[in-house]
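Peer 1: Turn these sequences into a full structure, and let the hints steer you where they fit.
As you go down the protein sequences, you meet chains A and B in turn.
Each residue of the first sequence is one higher than the one before, starting from 0 at the first, in numbering that gives the first Met the number 0.
Each residue of the second sequence is one higher than the one before, starting from 0 at the first, in numbering that gives the first Met the number 0.
These aren't lab readings, by the way, just hints derived from the structure by calculation.
Remember, predicted model here, so these are calculated numbers, not experimental data.
Each hint should be verified, as a subset may be incorrect.
[Unchecked claim] Some chain A residues judged to face chain B by a derived CB distance under 7 Å, without partners named:
no. : residue
1   : A59
2   : G62
3   : G64
4   : G81
5   : G90
6   : G115
7   : D160
8   : L166
9   : G174
10  : F187
Positions of the beta carbon are idealized from the N, C-alpha and C atoms, including for glycine.
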Amino acid sequence: MKNNIRFAALAALLVFALPFASQAAEDIKAKPWNLAGEELARFDAKVVDIVCELSGDCPADCGGGSRQLGLIAGNGDLLLAGKNSQAIFTGAVVDLLPHCGTTVTVDGLFTGIDGGPKLFQVQFIRPQGAGEDIKANAWGKTWNANHPDLKDKKGPWFRKDPRVNALIERDGYLGLSHAADKEFLEWFE
Amino acid sequence: MRPGSILRQVLFGAVALIALTGQGRAAGDGERIQVTGEIMDTWCYLSGVMGGPEATLGTAHHTCAMWCAAGGIPVGLRTEEGEIYMVLKLEGAGTADGSPAVLEIQSNQITADGMAYARNGINYLIVERIVSNEGITNVSHEDYGLVPPFAIPKGEKKKILGSE
Chain A
0 MKNNIRFAAL
10 AALLVFALPF
20 ASQAAEDIKA
30 KPWNLAGEEL
40 ARFDAKVVDI
50 VCELSGDCPA
60 DCGGGSRQLG
70 LIAGNGDLLL
80 AGKNSQAIFT
90 GAVVDLLPHC
100 GTTVTVDGLF
110 TGIDGGPKLF
120 QVQFIRPQGA
130 GEDIKANAWG
140 KTWNANHPDL
150 KDKKGPWFRK
160 DPRVNALIER
170 DGYLGLSHAA
180 DKEFLEWFE
Chain B
0 MRPGSILRQV
10 LFGAVALIAL
20 TGQGRAAGDG
30 ERIQVTGEIM
40 DTWCYLSGVM
50 GGPEATLGTA
60 HHTCAMWCAA
70 GGIPVGLRTE
80 EGEIYMVLKL
90 EGAGTADGSP
100 AVLEIQSNQI
110 TADGMAYARN
120 GINYLIVERI
130 VSNEGITNVS
140 HEDYGLVPPF
150 AIPKGEKKKI
160 LGSE
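Peer 2: Written as structure tokens, this is what we have:
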């Protein structure tokens, strides 16, 4: 029994030592963003469809971009990849989707406020066997490809996005009404 | 040590490892719940990129929440107690592609019925049905202004104020 306990303890130690320590700290390429609870990391992980992992509802294409994707680290933890490397407002699904179901090396940072869940921001992805990291910045290019009529118009994508602009047109920037926007600006400006 | 004994110990260690890591956990161990809270932008709330978390809720952050949802940032539901659920599906559809249904409820106070899952410190929710929607009730711009301040472009501000 004593030996069994020793083996279990060793297994537990291995589990907790492995998760994000698969790459040396000096290999990390991610840049700090000075975010809450920030922790830079580079590790191998399997890209997964989170709905599939949790509920067993598993379409062949990992949802084709409609589902949030996660990372299963070396210790079996399911991590939520919430952001790519672009400055603001862009998630990681477009960058991770081509790798869904495969193991890649991800490089980025964990962030989260005290007591809250942690999100992983993916800055680089290296598929197995590839010689170089791929920068996780595919979202903007994909938006441009999907909006050929808007991509050359002045301004960032989020100012031009027809889905968002239709709702601003209807409900205003505060989401209450155009009258509420005006009342706020008259007071605030 | 006998080979059989070593094999038993290795197997015991492997079982302990699987139990500890959750790798052997079967999909489908969720719990049906009804939960009430605000639909919110998880990145800005959790990362602190826009300042304190309270400033990234409600009307102050409404436009930014729509931008983040359109950009595929995970959408959350935050309860009054501050618990956060990552909303993975909304009435049958995924939430990562900025669908009109997902954008429509940003900053809204809703009661959702669905399946909840917890894994590695994160709560997830598959919303099967929105039971009720009170609309936007968190009038946070009165405390925080606009978050981020550039949410309304300068030219638009002039138009809204009628000075252009």
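Peer 1: Now look at each hint and say whether the structure bears it out.
Peer 2: Results for each hint:
Violation of the interface hint for A59(A) is found here, the shortest Cβ-Cβ separation to chain B being roughly 14 Å, above the 7 Å cut-off. Using the Cβ-Cβ criterion of 7 Å, the hint placing G62(A) at the interface with chain B is satisfied: the shortest such distance is roughly 5 Å. With 7 Å as the threshold, the beta carbon of G64(A) comes within range of chain B, its nearest partner Cβ sitting at about 5 Å, so the hint holds. Residue-level restraint check for G81(A) holds (minimum Cβ-Cβ distance to chain B is 5 Å; threshold 7 Å).
For the restraint placing G90(A) at the interface with chain B, the shortest Cβ-Cβ distance is roughly 3 Å, inside the 7 Å limit, so the hint holds. Annotation: G115(A) was flagged as interfacial toward chain B, and the flag holds, the nearest CB pair being 5 Å apart, inside 7 Å. Taking 7 Å as the C-beta contact cut-off toward chain B, the hint placing D160(A) at the interface holds, the least distance being around 5 Å. At its closest, the beta carbon of L166(A) sits 6 Å from a beta carbon of chain B; the interface hint therefore holds under the 7 Å criterion.
The restraint placing G174(A) at the interface with chain B holds, with a minimum CB-CB distance near 4 Å, inside the 7 Å limit. About 6 Å separates the beta-carbon of F187(A) from the nearest beta-carbon of chain B, less than 7 Å, and the hint is met.
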